[in-house]
Amino acid sequence: MALLELDGVSKAFGSLKAVDGVSFQVQAGEIFGVAGPNGSGKSTLFNVITGIPFGPDKGRIRFDGTDIHGKSGNDIARLGLARTFQRETSFDGLTVFENAVIGAGYGGPARKSVAVREAAAEALEFVGLGPQQFGRLAGELSVFDRKCLMLATAIAMEPRMLLLDEPASSLTKPEIETSIGLIRRIAGRGITIVLIEHVLTFLMSLSQHLLVLNQGTVLAAGDPKTVISDPRVVEAYLGTRRPDA
Amino acid sequence: MTDAVAPAIPTRAVPVSPGRTPWKHEAIGFAIALLVLALLPLFIGDTYSRHVLIMVFIYAVVASNWDLSLGYGGVFNFGHLALFGIGVYAYSLLTKLVGLDPWLALFAGGVIATVAAVLVTIPILRLKGIYIILVTFGFAQLVMQIVISQSAITGGTQGLVRVPGLYWFDHNMIRDGKFAYFYIALGLLVASTIFLRVFVRSRLGAGVVALRDNEEYAISRGMSLVRQRMITLAASAFFTGMAGAFYAAYQRNASVDVFGMSLATIILSMVLLGGASTIYGAIIASFVLTVFGEAMADFGAWRPMITALLIIVVMLVYPSGLVGMIRAGWGAIAVRMKRTA
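Sequence lines, in order, name chains A and B. To convert, note that position 98 of the first sequence is 98 in the working numbering; the numbers rise steadily by one, no gaps. To convert, note that position 20 of the second sequence is 20 in the working numbering; the numbers rise steadily by one, no gaps.
Looking at chain A on its own, in the form it has when it is part of the complex:
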C-alpha cells in the first residue's frame, strides 16, 4: 500500500491555479523527487499536503491509509509526516539543543523527558551537530548548519515520511555533496522522502521516482531518466528552440 496518496488535489489563489488536479502515490521507503520550473506549484504542493499554512481546495490526500484532508498541520505532523522549508528555518531564540527538543517533544511519540532529550541529542549528532554546538543559539548558526538543524528537528520527531523543500538551495557545492549523503542516511533510517529540488543533478542522484510539475499540473512522472528525457520536460525547463536558430 502507498504511504502517501494524492487524488485530484487542487489549490487556487483567486484565478491562479497553483496546484491543479494533481494525483500521485509515494511508496514506503522510497525517495520520491518532485521537479519543475519556478512557480510550477512545488512548494504549494507541500503546503497542501502538510496543511501548513493551508490545505487543498479539492481532492483527497491519504497518509498511511488515513484521510488527512481537513486535519490541522500539527495533527498531520504528529501522524508522522514531517517537512522542511525552502529557507533555512530555526527557532532563533532557542539553543540548538532546545530546537531539537521541540521536534522530539511535540512531534515525536509520547515519552519521558529523558527520552526526549536523548532523541534530540541523537538527531543532532546524526546530522553532524555535535555536543559543542548544543548550547549555541540557533540564530548564530551558518546557513548550512541551520539547514542541518531543521533536518535534526524533523528526525527527532521520528517521522514515517519527510518532505524536503529544496534542501540544496543557498548551499555551496561541497555542502550539496554532504547533503546528498545525509539524505541517503535519513532514508537509511527507514524514513520515506519526498524531495523538491531545482538542481536536477541533485534530484537524479537521489530519486527512485520523479514527478515533474508545470503550471500546477503533472507534466510527467516515473523513472527519473525517462522523465528528464521527455520532450515536454525539456521544453518546460529550457523552452522551445527558435525555428531560425
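Note that these hints are calculated values from the structure, not bench results. Everything hinted at is true.
Here are the simulated lysine-lysine pairs, DSBU-like style, with alpha carbons at most 30 Å apart:
1) Lys71(A) <-> Lys128(B)
2) Lys173(A) <-> Lys225(A)
3) Lys128(B) <-> Lys17(A)
4) Lys24(B) <-> Lys338(B)
Only part of the chain B face toward chain A is listed, based on derived beta-carbon distances under 10 Å:
5) Val14
6) Tyr72
7) Ala206
8) Ala210
9) Glu216
10) Ile219
11) Ser220
12) Val226
13) Arg227
14) Gln228
Computed from a prediction, not measured in an experiment: that's the story for all the values here. All C-beta atoms in this analysis are idealised placements derived from N, C-alpha and C, irrespective of residue type, glycine included.
Given chain A, put chain B in place with the hints provided.
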C-alpha cells in the same frame, strides 16, 4: 558534518539545558537576592519605605508575568492589566459580599484571572500582531465597563472600600509597620518568580518561544497553536490575578483605576526597560522605576518626563534593557579581571 552514523548518546551524557545558566548558579543568585530582600525591613526603619517595597513586589509580579506572554510568547496581550483588575475585584467581592476567607479569596483571585485569560484566548487564537492588541485592549475595556455598569455590586466608579484585609493568626497586620504585608508580598514574588523561571526553562517554555519565533515551523513540529497560546496566557494570568487580589487586600479598596492606561503604561515600561524575555529584567525594572519615581517625588510634573527620558536613554544604549546593561557591565568586569590575572 560526517557521513558516518553517529552512535546514540548515553543518557548520562545528555545535558539538561546546554547553553543556559546552570540551575545551581541561578539558585545561588536567587537565594542571595532573596536574603537581601528579606533583611531589608530590618535596615529600613520607616513604614513608608516598606510600603514602597510592597508596591515594588506587586508591580514586579505583574510585570514579570506580562513578560511571559509578551516577551517570551510574543503575544501582544494588552489586556494583562485587566487580569490584575479581575484579581482586585474577585478578592474584594468574594470577601466583602460572599464573606469568603481572605486567604481563599487571594487564591481565588488567581484562579478567576486564569479562567478569564483562557476565555480571552479564544477570540485571539487565529490572530496576529495589531489584531491581538485590539482584541485584548477591547477585553480590558469590556471588563472595566462591566465593573462600572454593575455599580450595585462593584460600586461603579466609586469603587469598593473597607475590603477585608489578610490576617495572620492574632497578629495585628494594620499596626505592625507593614511588616506582615511586606513578607507576604515578598513570598508572592518569590513563588511567582520560581514558577516563571521553572516554566520558561521547561519544554513548555521552549514551546512558547518556538511559537513566537516561527509559528508555521512550530506547527510543522507538532505544536498546537491553540493549546500553546492558551497555556501561555493562562500561565501568565494566575500570579497576576493573585497580585491583584493581594493589592486589594493590602489597600483595602478596589477602584476602576486599575484598568486605566496609566498603570498599564507603567507596568509595560517595566517589562521593556528590564529587557523582554528575561523575567528578572522586569523585576529589576520594577525596583528601579518605583524607587526612582519615589526619589523624584519633589519634581512634580517633571517626574514622568525625567522617567521617560531615562527609559529612552537606557533603551537606546542597551536595546536589551537593564539586563543587557548588567550583562555588558559584568562582561567588562570579567575581561578586566582576566587581564589583571
